[in-house]
Each structure stands twice: as structure tokens, then as C-alpha cells.
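**Student:** Go by the hints and put chains B and C onto chain A.
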Amino acid sequence: MFGDYSIGDLGAIFAMQGFAGLILFSVYVLMALGLAIIFGQMGVINMAHGEFMILGAYVTWMTSNAFQHFLPALFPGYFFVAMIFAFIASGSLGMLVEWAMIRRLYKRPLDTLLATWGLSLILQQAYRSVFGAREVGVELPDWMMGSWQATDAIQIPINGMFVMCLTILITLVVAYVLFLSRWGKQVRAVVQNRVMAGAVGINTEKVDRYTFGLGCGIAGVAGSAFTMIGSTGPTAGQLYIVDTFLVVVFGGAASLVGTIASAFTISQAQSTMEFFMSGSMAKVLTLLAIVAILMMRPQGLFALKVRK
Amino acid sequence: MIINSRFFNRSELIGFVSLLLLLVVILPLALDVFRLNLVAKYLTYAFVAIGLVLCWGYGGILSLGQGVFFGLGGYCMAMFLKLEASSVANTKIQSTPGIPDFMDWNQLTQLPFFWKPFQSFPFALAAIILVPAIFAFIIGAAMFKRRVGGVYFAIITQAVAAILTILIVGQQGYTGGINGITDLRTLHGWDIRTDHAKLILYFVEVFLLFVAILVAQFIRLTKLGRILVAMREQEDRVRFSGYSVANFKIFAFCAAAVFAAVGGALFTLEVGFMSPSFVGIVPSIEMVIYTAVGGRLSIFGAVYGTILVNFAKTSLSETFPQLWLFGLGALFIAVVLAFPNGLAGIWGDYVQPRIDRLLASRTKKSGNGGLVANGAPAE
Amino acid sequence: MLIGHQPKEFLLAVEALTVSFDGFKAVNDLSFYVEENEIRVIIGPNGAGKTTVLDLICGKTKATSGSIQFRGKELTKLRENEIVKAGVGRKFQTPSVFEDLSVFENLEISFPRGRTVFGSLTFQRDSVVKDRVEEVAEMIFLKDRLKTSAAELSHGQKQWLEIGMLLIQNPDLLMLDEPVAGMSVSERAKTAELLNRIIKDRSVLVIEHDMKFVEDIAHKVTVLHQGQILSEGTMERVKNDPKVVEVYLGH
Chain A
160 MFGDYSIGDL GAIFAMQGFA GLILFSVYVL MALGLAIIFG QMGVINMAHG
210 EFMILGAYVT WMTSNAFQHF LPALFPGYFF VAMIFAFIAS GSLGMLVEWA
260 MIRRLYKRPL DTLLATWGLS LILQQAYRSV FGAREVGVEL PDWMMGSWQA
310 TDAIQIPING MFVMCLTILI TLVVAYVLFL SRWGKQVRAV VQNRVMAGAV
360 GINTEKVDRY TFGLGCGIAG VAGSAFTMIG STGPTAGQLY IVDTFLVVVF
410 GGAASLVGTI ASAFTISQAQ STMEFFMSGS MAKVLTLLAI VAILMMRPQG
460 LFALKVRK
Chain B
56 MIINSRFFNR SELIGFVSLL LLLVVILPLA LDVFRLNLVA KYLTYAFVAI
106 GLVLCWGYGG ILSLGQGVFF GLGGYCMAMF LKLEASSVAN TKIQSTPGIP
156 DFMDWNQLTQ LPFFWKPFQS FPFALAAIIL VPAIFAFIIG AAMFKRRVGG
206 VYFAIITQAV AAILTILIVG QQGYTGGING ITDLRTLHGW DIRTDHAKLI
256 LYFVEVFLLF VAILVAQFIR LTKLGRILVA MREQEDRVRF SGYSVANFKI
306 FAFCAAAVFA AVGGALFTLE VGFMSPSFVG IVPSIEMVIY TAVGGRLSIF
356 GAVYGTILVN FAKTSLSETF PQLWLFGLGA LFIAVVLAFP NGLAGIWGDY
406 VQPRIDRLLA SRTKKSGNGG LVANGAPAE
Chain C
7 MLIGHQPKEF LLAVEALTVS FDGFKAVNDL SFYVEENEIR VIIGPNGAGK
57 TTVLDLICGK TKATSGSIQF RGKELTKLRE NEIVKAGVGR KFQTPSVFED
107 LSVFENLEIS FPRGRTVFGS LTFQRDSVVK DRVEEVAEMI FLKDRLKTSA
157 AELSHGQKQW LEIGMLLIQN PDLLMLDEPV AGMSVSERAK TAELLNRIIK
207 DRSVLVIEHD MKFVEDIAHK VTVLHQGQIL SEGTMERVKN DPKVVEVYLG
257 H
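Residue numbers (this note's numbering), protein chains in the order written: chain A, 160 to 467; chain B, 56 to 434; chain C, 7 to 257.
Since the hints were derived computationally from the structure, they do not count as laboratory data. Since we're looking at a predicted model, the values are computed, not measured. One should not assume that every hint holds.
To be verified - Some chain B residues close to chain A (C-beta under 8 Å, calculated; not the full set):
| # | residue |
| --- | --- |
| 1 | Y207 |
| 2 | I211 |
| 3 | Q213 |
| 4 | V215 |
| 5 | I218 |
| 6 | V224 |
| 7 | G225 |
| 8 | P338 |
| 9 | I340 |
| 10 | A347 |
| 11 | F366 |
| 12 | L380 |
| 13 | G384 |
| 14 | A385 |
| 15 | F387 |
| 16 | I388 |
C-beta: ideal position from N, C-alpha, C; glycine also.
So here's chain A without its partners, still in its complex pose:
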């Protein structure tokens, strides 16, 4: 299948597909970060994670519209405001859901999967009722349009680069929060030994609620980023949920580095293959490869061997 291309062509193809893959990578990482916190740290399978992302996307869309109508002068900067709104909206919904539902299910991980699936159905229908079944797209400010001509053959879209930088920034913040801040220590203490953490004075309920909220909030930010590369519809989130779970599981559920590495591998593999075959076959091959690798290494790519 490489026969028809010269070496130079191939190089350019790989580079461009690589960048296309990087945008997919950004969405995967942002989705997976939130999921890795919720699943890896709390053991909760949040099937409604995609819907939390889409909430962020709708909030971004509304913010964009509001800026266009009321503050057209500030429109170029709307995205930063939208991101914060998206984080707050998805995060607070997440905390509400944790309080109403998740906290009753910590001992039954498979049941969290089923209950959050029910939640995702409700959210999808809610979006459909409020925003309509049609997909909506946000208008990008001028500075994000166009692309940067790196070489003759390679073009890199600016919004893509922006999303990537954003992803790196958010990842660093999450890493800081989880591994260096006092609050992150509390989260990990609760994960490792809930009873003991409670005994040394950590408010485990509060930690749970904020952790879940943080995970959902990041999903909201992922939704903001998502609006730049795709249009938002009520069921768009569902398309990503299985992929994202595979990213998290493939990387080793509790490892942040693993999540990023696996998001990178999966998105690059898929986007490179997409150039040479139909998108659906690329997807099938990627998923098959992940499933096969998971069968050989069920604990994921990055997991510690521990004494059980």
C-alpha cells in the first residue's frame, strides 16, 4: 500500500497525519484524564463521561453565541471564558451526580457502569430537548483560523496547535493537583485506604465529591476543545466513550503517564492508518490491536507489580 508514494510524499503524509492525530490525541487525553481520575482513582465507571464532555461543548457554543451578540469586541477571547464556564458547569453537574447517585455505589463498580449509563440516556435526551437534535458548530475567531505552512507539503492548522498547547497545560495542572498538592495527597490516601484516611481526619465524602467533580470538569474542558474540531450533537459524546475507556485501560488505570502514552499511541495509530484505508477499517484495526494487547497484558501498559 506504500508502493504508490515516494519517500518524500510518505514523510509528508506521516507528518500531516501525525498532526491530525495530535488533535485526536488532545481530545483523547482530555477525555481520558477526567476518566482516569474517576476510574483510576475512585474505581467508578462513568459511562456518562461523554455527556459531561458534550455539556462543556454546549456551554462553549452558548458562550460563543453570547459573545457574538453582546460583546463582539471581545469575541477573539471568548474561548478562554468558555473553558472556565465549561469546567464549572460540568464540574458542578458532576458533584451533584456524585451526591445523588455515585456515593451509594462505591462498593459496586459494575453497578456504577449501569447507573451512569442510565444517566447518559437522560442527559442525551435533555440535550435533544433543550438544544435540538441538530448538530451545532461554534464560529472560530479569526486568529484561530487558517494554518501554518511548515514546509511546502506540510500544513498545520492553528486551532489544532492551540488545542494541543491547551492539552499540555491542563495535563500539567492535573499532574500538579494530583501529585504535588495537599489535596492530591488526600485523594490518594482515600483511594488506598478509605477507612484509615477517614480515621486520620480526612473528610472522605468531600474528597470523593470534589474528585468526581474535577474529573467531570476536565471532561467539560475537553468538550470546549472538541468544539474546535467537530460539531456538537446530543449523542456525540457516546461515540468517544468506549475509545476513551480503552485509552484509560490500555494505559494502566492508575497511571497518568500511561494514559497520555496510550492516548498518543492509539490516536497516532488510527490517524496514520486512516490515510491508507477507510476510516472504519482503521478504527477496527486499532480497536482489535488494543483488545489483543490487553489480552496479553491485562494490567495495561504502565502498571506496578504489587504484593496482593
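**Tutor:** Coordinates of chains B and C only, in the frame set by chain A:
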């Protein structure tokens, strides 16, 4: 049929008899053929639900990919029926007569090799059971031998459902693509679209459903059934009692796959087509919902749950299409949060004890009456 | 070396056994030998690797290197259920019984027949099974509770039930991890009596902290410390070993 107090306990006997009455007498008398055919469609999912009771309720193995097996069974049946419908005489307007229409549209000029054996009905029947069983065996062996379980297993089965759907949709020429395999007409020359045929198919299906119920009940009552329960609770203890846990999980998963496949094959017969929309992630989870609503530990509960949820789905989505997803979502959350054992749990915890108390007080009264009656002549 | 000279003397020969978890050696170059009908007690401070040794023998944990020979069979290469079939039974530290099943069903599952998928589908609850279950139930003081669900038993009764489940397997080597932990004084006495009865005709490997209990039953004691043997011999000898007094018995 062996129905004694040992094979069914009292509430199971009530479930069995009332289901028999409902499906064999009440529904056929009360509903027209169109509605009865809808019930037949619901009942095909009941096969899946029964399999899930064994695999998920008893074995604790949550499969989110039952649509895969439902679909494999359904497609095996559909391939046979499609070939019968695509005789040279029926398809002479095509550029290649004698092959299914969608192949012709996709510029295929001959039947793909894996379609050829499906010209034989016995082969198709065997494939309905064997293809899903072998596929489940491969997945199960690969996962359970490596101790992949619980949440990871659920996610991977979901991925398998996604893979198969994308593959079926993507390979139009071989599978009929997103539309599926449609326009199925006859089974050995017998037109399956007439009202009379639908009535007969309904009773065939009900018969097979009761066979499935009895088989599942048999498995549940053997030592294997108890090992499944034991495994769900203390996997290590089972292992260190000398059992290969993986083999038992593989068995449960394969059994559930076969139940689902039989349901799928019947679905194709009842509805007259098969498409990838019954294979993917969403239908697979819906099948789990039926089981959860009915009661994951009760075979009869699962059947009733399937019928009820589907009935609600049809009537709600006909009248209030928007409310349906809210209702389904809320139902699911409510069941998981408040009634983990579903309708069967509600029956066992609330209804049954009340009936018992009612019956007990009545026997007491009649017992007293007896005493008085006995005492009277002595006066 | 030893095994080369007298290959048939030992029921269990553990040689140069090592397991490391990401560099941490929980068991380090450990060798010890258990004879037929011997009662061996393993003691040692927390984290000495006692439970890990049992995990390694029964196959729950895979050894990094070294060998475990049981009646001439290399256990490190077998799967858990094959090790059980070879004749090794294991009781866990926390009672692990099947709470959703009755006492009878718990014991029945451990009965060594019909252990394959097909075998368990065709398994019949015949008089042999019933008699054996009742016999064992009597030994573990649960004869009148056969129909009770295991969830309703007290902590001590669950420990007995698990011991009963091992008994019904009739293993040649019985491994018990802290069998009297968490028991009341009267339960403890009953358990000692039970153990004294069931250890006849088989070898037993026990982990225990209760020194009085150890003195009562042990033929030989092995003291583990940091994954290695600190001392080994009769209780009398071990008790007076200054190294043991320092790391374990002293406080």
C-alpha cells in the same frame, strides 16, 4: 416436562405457570397478529436476558457485548434466508443474478466463500449455535485464562461490540452494510410474512423460550450453578477448592452467547431482517437493562422484565417519543440504586411475604372453623 | 543438596525460593523441608513474608526463582487447581467461605469429585457425598447448621467451616494462615482441639502468632525475618535463640 417442587420452588412455579398462561393463552387471544408479532420480537430479547441471568446474575460476569451474539445468531439465519430469497429467478434483473441484491449493488460478481455454506439449512442451524459459541469461547478463553474480569471484561466486550458493528457497516458488499440483510421472504418455500406464518412462528418461539427456561433452570440447579455463585463471591476459594475458575467462566459466557444467538436467529425470522443496529453498544446495554429490571438473579424475572421494558418502550415511544429516554434512564438508575434485584427482588421482598401472610391468616381461620365444626357434634 | 541425597524423605521441599515485587524481595533465597506427618509452624514479625510463602506454595503468587517440590512434583509450574489436586489445601487468613450458599453447599463444593465443567453439570448429591459432608460437619461443630446460610455464621464458625472445606478435600499438606486469629477464648480452645484431631495422617504448615498455641501443636518451628530464615528447630531451641528473641519474641 419435569415440574416438581424440587425443580421449581414455589415462587418459580408461580412464575412458570403465569408465564405459560400469559404467553400461550392470554396474549394470543387478546392481541391481533401485528401486536402478537411485537410480543414475539420482545421475546427474542428474553433469550438474551436468560443468558445474562446465568452469566451476570449468577457468575458475576457482566458482558456488555451480548448484541454481538444476538447479531451473530441473527445474521447466520438471515444469510440462509437471504440466499433463499436471492434465487436466480428472483434476481434476474441484477447484473449478476443469483447473489443477494446488496452484493450486486456493491459490484460483487460472485458469492463470497463464507456465504456459500449458508445455502444449506442444517449448516445454517448449526452455525447459529456454533459460531457464537466458538467466538465466545475464544474471547472467554483469552480473557479468563489471563484473569481479566469485572470492569475490564465489560469494557472489552463493549469494544468487541463496537468492532463488529463498524466491520458490518463498513463491509457493505459482504454484510449489507448499515441497512443489514433485508427483504427476507421464505423459509424452505414457506412464506414467513403472512399472518398465519407469524402466528406459527410465535408459538414455535414460545416453545423454544420454555425450553431455554428449563435448560437455564437445570444449569442453575446443578453443582455448576452453585459454583457460579461461589465464584462470584470468593473466586480464590473456588480456585483453591480445586476448580479451574476460568473454565467455569468460559462455560457461563458461552452459554449466555448461545442463548443470545438463538434469540437473534428467532428475531430474524419474526421480523424479517437483521441489521447492525441490533449488534452494537447501545442494544447490548439495553439487553442488560432488561435483565436488571427483571432481576438479575431470576430467570422468570428476566423474561418478565424484558417484556415489560419493551412494552413500555413501544407504547411510550409511540406517544411521547421524548419521554421514553428519560423514562428508560430513570428506570435504570432507580433499579440499580434502589432495587438491585429488580422486579423479582421486589416480588420476593414485598409481594410474596404479604401473600404468605394473607394465606396464613386464612388457613388459620379455616383451621379454627374446622375445630368448631369438629366440636359441634360432640355437644 | 539435601534433596539429592534423600529424595523421598520430604513431603515438601522448598529450595532457593525467591519472589520479588518490583525489586522488593518479599521472600529471599528461602529453603526449608517438611516431612510426612510433620506439623510445622512458621512464625515471625509482620512483613516477614509468612503469608507470601503460603501464597507461593499454593500457586497464588508465582515465584521469581527457586523450586517447590511436593511429592516429587514441581509446584511452581502448576496452576492453583492442579496444586489442589496434587494434595495441597490452603486456608486463608480472613475466613473465605461462600456466604450466599448454605453450610452444606459450602462443604459439598469442596468434595473432591466433579471438578470439571462437565463433571459439575452431572454431579449427583448421592449418599457418599451426604455422609461425608455430615461427618465433616460434625467435626467442625456445625452439624445442626447444615441448612443455614454461611452468611449467618459467627466469625469463628466461618473459620471452622473453611477448615471443614479443606478437610473434605483430604489434602496431604494442609496450610493454615492464622487459624485462631480473631476467635474468642472458648472458640480458640475448641479450634485447638479440632486441629489436634485433623492433623493426624497429614502434614500441616501453620502460620500463627499465638505462642501458647504454637507450643501446643508444633513439631518444629521456622522463624522468618525479612523473607529469610532466622532460626529453625524445636520450639525450645527457637525460644532461646538470641536472634529470635531480639527481632520477634523480645517485645
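**Student:** All hints are to be evaluated individually against the structure, with a verdict given for each.
**Tutor:** For each hint, the structure was consulted:
The restraint placing Y207/B at the interface with chain A holds, with a minimum CB-CB distance near 6 Å, inside the 8 Å limit. Nearest Cβ of chain A to the Cβ of I211/B: about 6 Å, under the 8 Å cut. The hint holds. For Q213/B, the shortest C-beta to C-beta distance to chain A is roughly 5 Å, which falls under 8 Å, so the interface hint holds. With 8 Å as the threshold, the beta carbon of V215/B comes within range of chain A, its nearest partner Cβ sitting at about 7 Å, so the hint holds.
Interface restraint check: I218/B against chain A, minimum CB-CB distance 5 Å, threshold 8 Å, status holds. For V224/B, the interface hint holds, the least distance from its beta-carbon to any beta-carbon of chain A being 7 Å, beneath 8 Å. Restraint check, G225/B versus chain A: the minimum CB separation of about 4 Å is within 8 Å; hint holds. Hint status for P338/B: violated, given a least beta-carbon distance of 13 Å to chain A, over 8 Å.
This hint holds: I340/B has a C-beta 6 Å from the nearest C-beta of chain A, less than the 8 Å allowed. Interface hint at A347/B: satisfied, since its Cβ lies 6 Å from the closest Cβ of chain A, which is below the 8 Å cut-off. A least Cβ separation of about 18 Å between F366/B and chain A goes past the 8 Å threshold, and the interface hint is therefore violated. Hint on L380/B holds. Least Cβ distance to chain A is approximately 4 Å, under the 8 Å limit.
At a threshold of 8 Å, the smallest CB-CB gap from G384/B to chain A is about 4 Å, leaving the interface hint in force. Given hint, A385/B at the interface with chain A, holds; its Cβ is 7 Å from that chain's nearest Cβ, closer than 8 Å. Checking F387/B against chain A: minimum C-beta separation of about 3 Å stays under 8 Å; hint holds. Because the closest C-beta pair between I388/B and chain A is about 4 Å apart, less than 8 Å, the hint holds.
The structure does not agree with the numbered hints 8 and 11 stated previously, though it agrees with the rest.
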